[in-house]
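Novice: Given the sequences, and given the hints that come with them, work out the whole structure.
In order, the protein sequence lines correspond to chains H and L.
Going by my numbering, the first sequence opens with residue 1, and the numbers climb by one from there.
Going by my numbering, the second sequence opens with residue 1, and the numbers climb by one from there.
It is possible that part of the hints are untrue.
Said to hold, decoys possible - The calculated DMTMM-like cross-link candidates involving lysine to aspartate or glutamate, where the alpha carbons are at most 25 Å apart (straight line), are:
#	chain 1	residue 1	chain 2	residue 2
1	L	Lys121	H	Glu173
2	L	Lys45	H	Glu173
3	H	Lys184	L	Asp107
4	L	Lys155	H	Glu173
5	L	Lys223	L	Glu29
6	H	Lys184	L	Glu132
7	L	Lys44	L	Glu83
As the list claims (entries may be wrong) - Some but not every residue of chain L turned toward chain H, in silico, with C-beta under 10 Å:
#	residue
8	Met81
9	Ser109
10	Arg114
11	Ser122
12	Thr127
13	Leu140
These aren't lab readings, by the way, just hints derived from the structure by calculation.
Glycine residues also receive a C-beta, built at the ideal position from the N, C-alpha and C atoms.
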Amino acid sequence: MAFQSANNHSLRKAFSFLVSVGTFFCAILVIAPLGIVFFHLVDKGASSVNWDFFTKLPKPPMESGGGMANAIAGTLTLLALAAAVGVPIGVLGGVYLSEYGSSRVNWWLRFFGDVLNGVPSIIWGIVVYGLIVKPTRTFSAYAGGVALGFLMLPIIMRTTEEVLYLVPQGYREAGLALGIPRWKVIVHIVMASALGGITTGVLLALARVAGETAPILFTAFGNSFWNHRLSDPIAALPLQIFTYAISPYDDWHRQAWAGALVLVCFTLLVNVTVRFLTRGRTVKV
Amino acid sequence: MEVTMIDNPVQNPQREQRAPAPAAIQPEEPPAFQVENLSVWYGKKQALFDVTTNIPSKTITAIIGPSGCGKSTFLRCLNRMHELVPSSRTEGSVRLFGQDLHARDTDASIVRRRVGMVFQKSNPFPTMSIGENVIVGLRLNGVRNRAILNERMEKALRMAALWDEVKNDLNRPGMSLSGGQQQRLCIARAVAVEPEVLLMDEPASALDPIATMKIEELTQQLKANYTIVIVTHNMQQASRVSDKTMFFYMGKLIEYGETKQMFFQPAEKKTEDYITGRFG
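Specialist: Listed below in structure tokens is the structure:
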């Protein structure tokens, strides 16, 4: 009797069923927080998201009303500065990995890229504090942008590398066989073919750093008013949420919830945009 | 000459000779390629052994042989595409109308403008329209004059026997064409930069019989203006289209001669075995 009867068979089937159900519930658990967080934010914050929230400056404590217009503008400014730092360097680094680097050099670059990706974001705040804030003797939007830009670098480098790898070798060969110089083949043919994927990587990196608080704390510092010069401190949404959330005022708490809701919606919007952009393209993430 | 930027900086003896042509006695054409003692290694593995041969101009030369025999490597040495494999190394020389293509001071991109290539898998650039695909080689080599670009586009598409099919759809994506049309688009793209030689690496192996026939007819028309070297797995194709045939085996050039001669009375036993289908 080498093989046991149907009994054993049904036992195995039952066990297999249990495992599949168990893993399914774990998968649900993984995404459940998104639903819970979103529901909670809508519940607490939706009532405070109004026209004033997007257009007015914060009011002093104990005065009701006001908004986070300066923080929203500040976050967008910081993201633009971060992109100015992170996109060219990150994309070109990815181009090196995919198009030029030897496998040995690439191994080390990827290794350090992954290490960088794992460095806690507050470290970047401290580094930029030392590099820019101390020498210039002021917190500034520039410093905040650079800190966020550093955070974006490894993400953009890796996604760029990965999408460039997906461009079939045949396109590079065809371009080179026409006598087109290599850098033009890379820019006009390889990168053009992967533009959707590169954009996706950049957008995801922006969404990822948009909510960073720690690196902003030491660099952009925050500001209760409009920022007029990029060399001055600037407000940022996550920072404003933090300040309001730890305050003792109910009105500020409501505004903090609203800010959190806006931030999550921004991230969601970026992700939806990314899905839309990469729909049906030949090369994607 | 507004198009000097893509014109070859090196002299082209072939064209010079033809200029005064007194229709009487045609002097024997010099060979397009002179290959001497060419050996190629990929890393430690030798792929080509001491090949010495001439390839005549304005003819179609077919290269046949079993997989891994070095025929693609040989073809790629003719426009230095073999260099894309970082570990590759060559010895010997390849001359095109006298110019040493493998010389240290010869720019690979200039070699490739003289020696165009069509690949096995048709590969129109996915981000470009039909028209843009044809002129991309000119545009990215510095030709900006729209009139010249349009003129060359039409000329190249006519040469590739594609003009009538696409003249009203030049702005549609290159990828929207059928497989056979895509391959002819790639041929148009290659001839648009006006090379002297066209290398074809199994250009019809992914196509259906009708599209294959069109490509074969096209090679006969292109022969008037170009030296064509075609690698093929298909022996009937080699016998149909080519004037000369080379047989490679295990990285060595075993036999080279008139196609008719090769297929009816091969000199070497190995050639006969391969052609009659005993191996490969």
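Novice: Decide, hint by hint, whether the structure agrees.
Specialist: Right, here's what the structure says about each hint:
1. L:Lys121 with H:Glu173: holds, 11 Å
2. L:Lys45 with H:Glu173: Since the Cα atoms of L:Lys45 and H:Glu173 sit roughly 23 Å apart, the hinted pair holds (cutoff 25 Å).
3. H:Lys184 with L:Asp107: holds, 15 Å
4. L:Lys155 with H:Glu173: Cα-Cα ~24 Å, so holds.
5. L:Lys223 with L:Glu29: holds, 14 Å
6. H:Lys184 with L:Glu132: Distance of about 15 Å is within 25 Å: holds.
7. L:Lys44 with L:Glu83: holds, 15 Å
8. Met81: Holds - the Cβ of L:Met81 comes within 10 Å of chain H, reaching about 6 Å at its closest.
9. Ser109: holds, 4 Å
10. Arg114: Where the cut-off is 10 Å and the nearest Cβ of chain H is about 8 Å from L:Arg114, the hint holds.
11. Ser122: holds, 9 Å
12. Thr127: L:Thr127 check passes; min Cβ-Cβ to chain H is 5 Å, inside 10 Å.
13. Leu140: Since the shortest Cβ distance to chain H is 4 Å, the answer is holds.
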